[in-house]
Amino acid sequence: MTTISVADLRVSYGKRVVLDDLAIELGVGVHGLLGPNGAGKTTLMRVLATVLRPDRGEVRLLGHRTDDRVGVRQARRRLGYLPQAFGFYPRFTVREFVEYFAWLREMPAARIPLAVDRAIERVGLLDRADDRMKHLSGGMLRRAGIAQAIVNDPRVLLLDEPTAGLDPEQRVEFRTLLRELGLDAVVLVSTHLVEDVAAACARVSLVDDGRLVFAGRPEELIAAGGDGDSGDSPIERGYTAVLRGARQVSR
Amino acid sequence: MTGEHVSAQVLAAYAEERLTDGDAESVEAHLDSCDACRAGLAPSEAVRRVVAGVALALDDRLSTPGRVRPATGWRRVRVLVGAAPAVRAAWLLSVLVTGLLTLGLAVSPRMLPPWVLLLVAPALPVVGTALSYGPRTDPLHEVVAGTPQGGLRIVLWRTLAVLTVAMPAVVLAAVVTGISTPLMWMLPGAALTAGTLALGSLIEPTYAAAVVAGAWALVVLVPPVAGSAVVAASAPVWLAVTGVAVVVLYARRERVGRQAG
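Top line first, the protein sequences correspond to chains A and B. The opening residue of the first sequence carries number 2 in our numbering; numbering runs sequentially from there. The opening residue of the second sequence carries number 0 in our numbering; numbering runs sequentially from there.
Think of the hints as simulated: they come from the structure by calculation, not from any bench. Virtual Cβ for every residue (Gly too), placed ideally from N, Cα, C. Take these hints with a grain of salt, some might be off.
[As the list claims (entries may be wrong)] Computed far set for chain A versus chain B, every beta-carbon distance over 12 Å:
| hint | residue |
| --- | --- |
| 1 | Gly39 |
| 2 | Ala50 |
| 3 | Asp154 |
| 4 | Asp168 |
| 5 | Gly183 |
| 6 | Glu196 |
| 7 | Ala200 |
| 8 | Asp228 |
| 9 | Asp233 |
| 10 | Ala247 |
[To be verified] Computed footprint of chain A on chain B; a stretch qualifies when at least three of its residues, placed anywhere within it, have a C-beta under 8 Å from a C-beta of chain A:
| hint | stretch |
| --- | --- |
| 11 | 75-81 |
| 12 | 145-154 |
Please construct the entire structure, taking both the sequences and the accompanying hints into account.
Structure (structure tokens):
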């Protein structure tokens with residue numbers, strides 16, 4: 002079943018067009034969103050998170066149109082979002098931080114205490130749950146951010162560069178968590194680390210210069226690469242090959 | 000077995016492991032895709048006792064769930080109102096500023112004329128409101144904006160937090176200066192706050208506050224209105240301003256606190 006559906010999307014900041022004529026359909030599972038810096042990944046994430054209004058186009062989350070006031074509120078209840086850069090309230094403990102977002106996402110009150118602790122446990126921060134946010138390391142902050150995004154058991158989970166600041170061991174644990182979450186939710190992970198995608202994602206979308214230039218399975222991306230393409234791994238060679246191909250066509 | 004459900008007898012036989020391997024496999028294949036039949040697979044009394052026993056044994060060894068606060072209505076209000084630290088900063092600001100000015104006025108009325116308080120006090124909630132939301136001042140603005148309680152709802156919660164502290168300060172200022180009545184001071188305070196929220200749906204909240212505060216300064220300082228007349232006989236004007244601001248706020252409610260940053 003398609004749970005994210007985007008058609009004819011156009012977003013511009015002033016005169017600069019960031020996303021143009023973009024269409025994408027995503028179903029349950031872990032999806033990787035790849036692309037060079039400045040390709041429009043974060044902008045697409047912000048549109049899907051209902052934070053940024055597109056100039057044009059139709060965005061449907063879980064069947065609700067995001068330009069419909071009632072529908073968007075319903076969708077937001079089942080939405081989890083971790084932006085690339087996020088701040089925190091320094092005096093909040095991890096538990097208060099996650100609880101805050103449980104309330105903001107209008108979870109049933111009876112479920113909140115348990116859901117908060119479960120989310121913190123899933124990111125491996127339960128032993129630091131009562132520490133203030135300002136005393137956490139960068140990797141722990143990122144994990145607290147993931148905890149707030151999953152507290153409401155989202156059906157649509159948007160993670161923008163979630164592995165930034167995580168050490169290799171934590172990244173492996175995070176991929177396991179991703180696969181778990183992807184069993185019954187649409188999980189869209191934006192990253193510029195191609196290896197993350199190969200390890201955890203069932204499908205990959207590649208954005209370049211505001212356009213969707215590839216959508217398929219990681220194996221298909223790998224198959225697109227040849228020995229002549231630059232990159233340290235098969236999937237990196239596939240990535241550069243697809244990008245090069247897309248840029249030749251647009252010229 | 001597609002399309003058909005497993006009968007109660009077969010389910011019971013499966014649960015008690017009386018089926019052959021082949022039959023058990025096809026039952027399992029069906030159970031994988033059928034909620035109704037899975038629900039019908041009630042654990043036997045023996046299994047129930049084992050589960051209860053394990054739960055009891057684990058209970059002591061599992062880490063306690065920490066200080067999970069009961070999710071009451073009061074807790075909800077506390078979390079939503081008190082969350083943004085900028086709100087607390089705004090509280091402190093209004094208490095401090097009014098306190099200092101009041102003190103200054105009490106010590107030497109000539110050094111600090113009453114109109115200074117008139118200029119500052121009703122603008123306090125404006126500053127507080129602008130500080131409490133928006134991409135510039137709320138570090139979590141981006142995440143909050145994508146939640147169902149984000150936007151106008153959370154902005155109103157925070158405005159409520161600011162007003163509960165700023166309004167007593169306004170009343171105190173009115174009493175100390177002796178210009179008009181405290182109620183007549185609260186009206187422009189409310190109008191300016193509503194104006195900031197309404198304008199904040201069009202432009203960045205901090206800019207909105209600057210515009211509103213600037214307009215207020217003009218009204219207070221520049222003739223023909225100037226001075227105490229601002230609060231003396233102007234109730235209809237301030238009510239009208241509040242009304243217009245509320246209408247604008249309602250019409251643009253989807254944009255409040257969700258500006259593309």
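Right, here's what the structure says about each hint:
For Gly39 (chain A), the shortest C-beta to C-beta distance to chain B comes to about 17 Å, beyond the 12 Å cut-off, and the non-interface label holds. Interface exclusion of Ala50 (chain A) from chain B breaks down, the closest Cβ pair being 4 Å apart, not more than 12 Å. Under the 12 Å C-beta cut-off, the non-interface status given to Asp154 (chain A) relative to chain B holds; the minimum distance is some 14 Å. The claim that Asp168 (chain A) lies off the interface holds: its Cβ sits roughly 24 Å from the closest Cβ of chain B, which is beyond the 12 Å cut-off.
With a closest Cβ-Cβ approach of about 18 Å to chain B, Gly183 (chain A) is found to remain outside the 12 Å limit, as its non-interface label requires. Distance check for Glu196 (chain A) against chain B: the nearest CB is about 27 Å away, which clears 12 Å, and the non-interface claim stands. Against the 12 Å criterion, Ala200 (chain A) stays outside the reach of chain B, whose nearest CB is about 26 Å from its own CB. For Asp228 (chain A), the condition that its CB be more than 12 Å from all CB atoms of chain B holds, with the nearest at approximately 42 Å.
With a closest Cβ-Cβ approach of about 33 Å to chain B, Asp233 (chain A) is found to remain outside the 12 Å limit, as its non-interface label requires. The Cβ of Ala247 (chain A) sits about 27 Å from the closest Cβ of chain B, beyond the 12 Å cut-off, so the non-interface label holds. With 3 residues carrying a beta carbon less than 8 Å from a beta carbon of chain A, the stretch 75-81 of chain B meets the three-residue requirement, and the given coverage holds. For the stretch 145-154 of chain B, the proposed coverage by chain A is satisfied: 6 residues have a C-beta within less than 8 Å of a C-beta in that chain, meeting the threshold of three.
Violated hints amount to a single one, hint 2; each of the other numbered hints is respected by the structure.
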